[in-house]
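Chemist: For the record, the sequence lines run as chains F and E. Using the numbering used here, the letters of the first sequence map in sequence onto residues 1 to 141. Using the numbering used here, the letters of the second sequence map in sequence onto residues 1 to 225.
It is worth saying that the hints were derived from the structure and are not from the lab. Watch out, some of these pointers could steer you wrong.
To be verified - Think about it this way: if two alpha-carbon atoms lie no more than 20 Å apart in a straight line, the pair counts; the simulated EDC-like pairs of lysine to aspartate or glutamate are:
no.: 1; chain 1: E; residue 1: K104; chain 2: E; residue 2: D130
no.: 2; chain 1: E; residue 1: K136; chain 2: E; residue 2: E67
no.: 3; chain 1: E; residue 1: K136; chain 2: F; residue 2: E139
no.: 4; chain 1: E; residue 1: K56; chain 2: E; residue 2: E67
no.: 5; chain 1: E; residue 1: K61; chain 2: E; residue 2: D101
no.: 6; chain 1: E; residue 1: K167; chain 2: E; residue 2: D141
no.: 7; chain 1: F; residue 1: K91; chain 2: E; residue 2: D116
no.: 8; chain 1: F; residue 1: K91; chain 2: E; residue 2: E67
no.: 9; chain 1: E; residue 1: K200; chain 2: E; residue 2: D130
Computed from a predicted model, the values in this text were never measured in an experiment.
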Amino acid sequence: MSSSTKHSKWRYVLLGVTAWLAAFMIPQAAHAEYGDVVINNYADAAGIRPAVFPHWFHRIRFRCKVCHADLGFQFKAGGNKIDMAKIIDGKFCGACHNGEVAWSVENCAMCHSGVPGTPTHFHGSTVQSLIAPAYKPLEGK
Amino acid sequence: MKNKIILTSALALVISGPAFSADGVSAEEVTASAATPEPVVVAQVAGANVFNRNLKKVKVKNAPPPEDGIHDPENEGTYVLQPPLEAYQGLPTSPYGNYVDWVKAIDEKKLQPRWDRIDSSEEAFVMDLDVLREVKASVPDVIFPHRQHTEWLACSNCHPAIFIPQKGANQINMSGILLGQKCGVCHGKVSFPITTKSCKKCHSQPKPEDWTPPLSEATLKNPWR
Numbered sequence: 001m002s003s004s005t006k007h008s009k010w011r012y013v014l015l016g017v018t019a020w021l022a023a024f025m026i027p028q029a030a031h032a033e034y035g036d037v038v039i040n041n042y043a044d045a046a047g048i049r050p051a052v053f054p055h056w057f058h059r060i061r062f063r064c065k066v067c068h069a070d071l072g073f074q075f076k077a078g079g080n081k082i083d084m085a086k087i088i089d090g091k092f093c094g095a096c097h098n099g100e101v102a103w104s105v106e107n108c109a110m111c112h113s114g115v116p117g118t119p120t121h122f123h124g125s126t127v128q129s130l131i132a133p134a135y136k137p138l139e140g141k
Numbered sequence: 001m002k003n004k005i006i007l008t009s010a011l012a013l014v015i016s017g018p019a020f021s022a023d024g025v026s027a028e029e030v031t032a033s034a035a036t037p038e039p040v041v042v043a044q045v046a047g048a049n050v051f052n053r054n055l056k057k058v059k060v061k062n063a064p065p066p067e068d069g070i071h072d073p074e075n076e077g078t079y080v081l082q083p084p085l086e087a088y089q090g091l092p093t094s095p096y097g098n099y100v101d102w103v104k105a106i107d108e109k110k111l112q113p114r115w116d117r118i119d120s121s122e123e124a125f126v127m128d129l130d131v132l133r134e135v136k137a138s139v140p141d142v143i144f145p146h147r148q149h150t151e152w153l154a155c156s157n158c159h160p161a162i163f164i165p166q167k168g169a170n171q172i173n174m175s176g177i178l179l180g181q182k183c184g185v186c187h188g189k190v191s192f193p194i195t196t197k198s199c200k201k202c203h204s205q206p207k208p209e210d211w212t213p214p215l216s217e218a219t220l221k222n223p224w225r
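Build out the structure end to end from the sequences listed, making use of the hints.
Modeler: What follows is the structure in structure tokens.
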């Protein structure tokens, strides 16, 4: 009895320490701006920080139609298989980040600004904020 | 690396000191209890019964890039990026998403985003057509407004890949929307999210006065009813 009591107290101390460590070491992803997209299909593997695309910043300047209809960006995070070869050929981000419409591609650190190891994801999406997986409807309803 | 962990643990202990005394397990007590054991069942129960087990409130809104958790503070470019709040100065606000009312911002001409990549004088092709969808649950019916959508989007963004352009031809339900289908392709990702505060943006047409929710079969068949 006495040893188990002592054990459980220490377990709490350990739990507390772990919680604090976690709070300090795991990035506080919950704070990022709604609509930010981390794109990391290839970046980590190529040894560069993931790219971060801010929707809020671009929608102040362009309607969705410009990118999602005219420039052919599919509505899917990571789904456009963007890479640098396409960008310097004037596709995707390269349609604007060419020194004409917006600053040019040599500014690597502006796009490749993500925390290394962050998976491709859509920040602040409703699905990510659910406590349990989204509700599955009954068969045939 | 090992040094760093030890250092962080020490730091964590120092900072968490008060937190532990609040739970009734201060450092002295732990040492003392080694000699005179006492039951700590209470502490364990208290630990499980925190008031909000699952509620997460947004503590920081519109954090600047170096503090937002997805931008790397060790990347110098991160500090050149614009903090959202700076850009949102003077824009109409909303209680969710970016905390900006993007529809109002355009209606009030506070923003005039380009409709063309280069030509800033091209105007959006706006179509004012509301489509009503009656909802079988007690929540207000849904009005899909083309006007607000065509301010931002081209017809081809939705038709025909996401919606067949015909009233009632599409199966839509909330579960699908939450999973990112139909309206959920955009709502919950870039356009306003699905939260208690936003339900009535879509569910905007009150039910007819005489509407009552249909009773479930289990109730109709219940002999004790």
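Chemist: Against each hint, give a clear statement of whether it holds in the structure.
Modeler: Structure-based check of all given hints:
1. E:K104 - E:D130: Holds, at roughly 18 Å.
2. E:K136 - E:E67: Not satisfied, since the Cα-Cα distance of roughly 44 Å exceeds 20 Å.
3. E:K136 - F:E139: At roughly 17 Å apart (the allowed maximum being 20 Å), E139 (chain F) and K136 (chain E) satisfy the hint.
4. E:K56 - E:E67: 19 Å, holds
5. E:K61 - E:D101: Holds. K61 (chain E) to D101 (chain E) sits at ~15 Å (cutoff 20 Å).
6. E:K167 - E:D141: 14 Å, holds
7. F:K91 - E:D116: Given pair K91 (chain F), D116 (chain E) holds - Cα atoms ~16 Å apart, limit 20 Å.
8. F:K91 - E:E67: Violated, at about 31 Å.
9. E:K200 - E:D130: 16 Å, holds
When the structure is compared with the earlier hints, violations turn up for hints 2, 8 and for no others.
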